[in-house]
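2 protein chains.
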Amino acid sequence: MITKLIEQIQEKKAPIVVGLDPTLKLMPKTLVDKWINELGQTPEAVAEAMFEYNRQIMDACVDLIPAVKPQIAMYETFGIPGLYAYQRTVEYAKQLGLIVIADIKRGDIGTSSAAYALGHLGSVKIGEYTYRGFDADMATVNPYMGSDSVRPFVDVCKPEDKGIFVLCKTSNPSSGEFQDRIVDGRPLYEHVAEKIEEWGANNREGDYSNVGAVVGATYPEMGERLRKLMPHTYILVPGYGAQGGKGADLKNFFNKDGLGAIVNSSRGIIAAFQKEEYAKYGEENFALASRAAVVDMLEDINSVL
Amino acid sequence: MITKLIEQIQEKKAPIVVGLDPTLKLMPKTLVDKWINELGQTPEAVAEAMFEYNRQIMDACVDLIPAVKPQIAMYETFGIPGLYAYQRTVEYAKQLGLIVIADIKRGDIGTSSAAYALGHLGSVKIGEYTYRGFDADMATVNPYMGSDSVRPFVDVCKPEDKGIFVLCKTSNPSSGEFQDRIVDGRPLYEHVAEKIEEWGANNREGDYSNVGAVVGATYPEMGERLRKLMPHTYILVPGYGAQGGKGADLKNFFNKDGLGAIVNSSRGIIAAFQKEEYAKYGEENFALASRAAVVDMLEDINSVL
Numbered sequence: 000m001i002t003k004l005i006e007q008i009q010e011k012k013a014p015i016v017v018g019l020d021p022t023l024k025l026m027p028k029t030l031v032d033k034w035i036n037e038l039g040q041t042p043e044a045v046a047e048a049m050f051e052y053n054r055q056i057m058d059a060c061v062d063l064i065p066a067v068k069p070q071i072a073m074y075e076t077f078g079i080p081g082l083y084a085y086q087r088t089v090e091y092a093k094q095l096g097l098i099v100i101a102d103i104k105r106g107d108i109g110t111s112s113a114a115y116a117l118g119h120l121g122s123v124k125i126g127e128y129t130y131r132g133f134d135a136d137m138a139t140v141n142p143y144m145g146s147d148s149v150r151p152f153v154d155v156c157k158p159e160d161k162g163i164f165v166l167c168k169t170s171n172p173s174s175g176e177f178q179d180r181i182v183d184g185r186p187l188y189e190h191v192a193e194k195i196e197e198w199g200a201n202n203r204e205g206d207y208s209n210v211g212a213v214v215g216a217t218y219p220e221m222g223e224r225l226r227k228l229m230p231h232t233y234i235l236v237p238g239y240g241a242q243g244g245k246g247a248d249l250k251n252f253f254n255k256d257g258l259g260a261i262v263n264s265s266r267g268i269i270a271a272f273q274k275e276e277y278a279k280y281g282e283e284n285f286a287l288a289s290r291a292a293v294v295d296m297l298e299d300i301n302s303v304l
Numbered sequence: 000m001i002t003k004l005i006e007q008i009q010e011k012k013a014p015i016v017v018g019l020d021p022t023l024k025l026m027p028k029t030l031v032d033k034w035i036n037e038l039g040q041t042p043e044a045v046a047e048a049m050f051e052y053n054r055q056i057m058d059a060c061v062d063l064i065p066a067v068k069p070q071i072a073m074y075e076t077f078g079i080p081g082l083y084a085y086q087r088t089v090e091y092a093k094q095l096g097l098i099v100i101a102d103i104k105r106g107d108i109g110t111s112s113a114a115y116a117l118g119h120l121g122s123v124k125i126g127e128y129t130y131r132g133f134d135a136d137m138a139t140v141n142p143y144m145g146s147d148s149v150r151p152f153v154d155v156c157k158p159e160d161k162g163i164f165v166l167c168k169t170s171n172p173s174s175g176e177f178q179d180r181i182v183d184g185r186p187l188y189e190h191v192a193e194k195i196e197e198w199g200a201n202n203r204e205g206d207y208s209n210v211g212a213v214v215g216a217t218y219p220e221m222g223e224r225l226r227k228l229m230p231h232t233y234i235l236v237p238g239y240g241a242q243g244g245k246g247a248d249l250k251n252f253f254n255k256d257g258l259g260a261i262v263n264s265s266r267g268i269i270a271a272f273q274k275e276e277y278a279k280y281g282e283e284n285f286a287l288a289s290r291a292a293v294v295d296m297l298e299d300i301n302s303v304l
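Chains as they are written, first to last, in numbering that gives the first Met the number 0: chain F, 0 to 304; chain G, 0 to 304.
FYI, nobody ran anything at the bench for these hints, they're computed from the structure.
Any given hint could turn out to be false.
In this list, chains with the same sequence are indistinguishable; a pair is considered to hold if it fits within one copy or across any two.
[Stated by the list, open to error] Here are the computed lysine-lysine pairs in the DSSO-like style, where the Cα-Cα straight-line distance is at most 30 angstroms:
id, residue 1, residue 2
1, K28, K124
2, K33, K3
3, K3, K250
4, K124, K33
5, K157, K24
Same shape as in the complex, but just chain F (with noise of 0.2 angstroms):
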């Protein structure tokens, strides 16, 4: 799978992924009305509403970005109703030709998951049919539970042609708290990566390995360090944004070819709309202000690489 990302980033010279992660806050009102008027003060329509605000984005997006990524904790927030639309926006985004990084951040003891893993990316078999639940391209995962609880995501990876992000560093102001701290040393987040090299050993496409690391765009310095520590894994970095990250802070994520790092922006781009600066558009052209806000971090990022 991490060859088909690479290619896709290379054929579109955009390093970059667009979050598709609605909110009623950042939806327009005027498409959520719509859809209100339509099936009522309910969740069925605020998943309506969702999956057409992620729709209109990726149709005006899609010849300009490789990947986007969904994040699942603003669907669960609405129940079935929103993993209903979950699992249309990830279908959809598949059907445009987009690599799909489910942002799942699971993990749990090894059984757990493994049904984790077989849901998000794999399949399971029902007597004699296949059956593939959210069928994402690639996942997040959460490290703190040790190997036994990525190697699930990692096992599902070369057989069904998928990819994982391992948390590593985090974008978030604490994300210290924890990772930070020294060991033999070092910090939690440097054992993390050398985890994640390992994990990855066995996974490689050429140069990367289908084993790639979460870490913030928010932590440059630390992103040099890691970009070094990890020679084979991609980065994707979130935090671009609206988080706080910028372009310049972000060349030391990649390697000199360009590559080993794909950037993360949700809110910066979904809700370009409600900025000042792509304020022209108007709601209603929602979707074309996302386009230029793409343009313009593509520009930002291209500048420093």
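We have chain F; now place chain G onto it with these hints.
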């Protein structure tokens, strides 16, 4: 919520919780086949079997147990139909008066954690209506991303009368890879334990807080130490039975008054009919086998308290 859990534990003299983790391997073949005959080899059939399996086990054990702990991974494997079975299981358990501990191990940056917390424990407003997604009583949370990822779950506890259990030292074999690493002279899980006490400080109900901890039965020495380090923290103890933990190992997880811990068993109870000692019940009476296994588990655990 912790008060309600303690009341149920005392009333039933049962510091235990039954893990509702149905899989195709664990469920009786006759039950699965019944639904496949009706609905075909489909996830919908498996989901119906899962719900009926859970329902029969809960019906058979409700007078003996205070709580159930559905592992959401087992349901997510089967996509939306699976999650619908999860939702029905939560609802049915609550109708029976059982406390539901949602084993979801979620955790993300602030806004996403808030979305999870509202979806699984809280509610969202849609216009004038309040909608509850999965509405469990308590949930497990992953601390790797630090305070701002755990806080949204903590914050929902008081207004919604809910509780959480934060992963501290998990029961799986490789939990030590990161959790046991020495930070400032002590294992990382002890630093997590301190934070758990801190997160619970404003969430006390009597002696205990609504912010609990997960500590695996498979590590009894650590259980003893963590019991002392977290005096106001209820401990959810997985790993009993199938994962290797025994009653004699559990004494140290409890306080002298017999409170302070609740021990989970999943496979050992729900698939008891597959074990030689309960084979006499026969596959069709799987729920009675589960009841017998609960009785034996209670005897084992109460003998050391």
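Do the hints match the structure? See the list:
1. K28 with K124: Between copies, since 15 angstroms is at most 30 angstroms while 42 angstroms is not.
2. K33 with K3: neither (37 angstroms within a copy, 42 angstroms between copies)
3. K3 with K250: So K3 and K250 pass the 30 angstroms test inside one copy only (23 angstroms; across, 53 angstroms).
4. K124 with K33: between (40 angstroms within a copy, 17 angstroms between copies)
5. K157 with K24: Classified as between; 24 angstroms across copies, 39 angstroms inside a copy.
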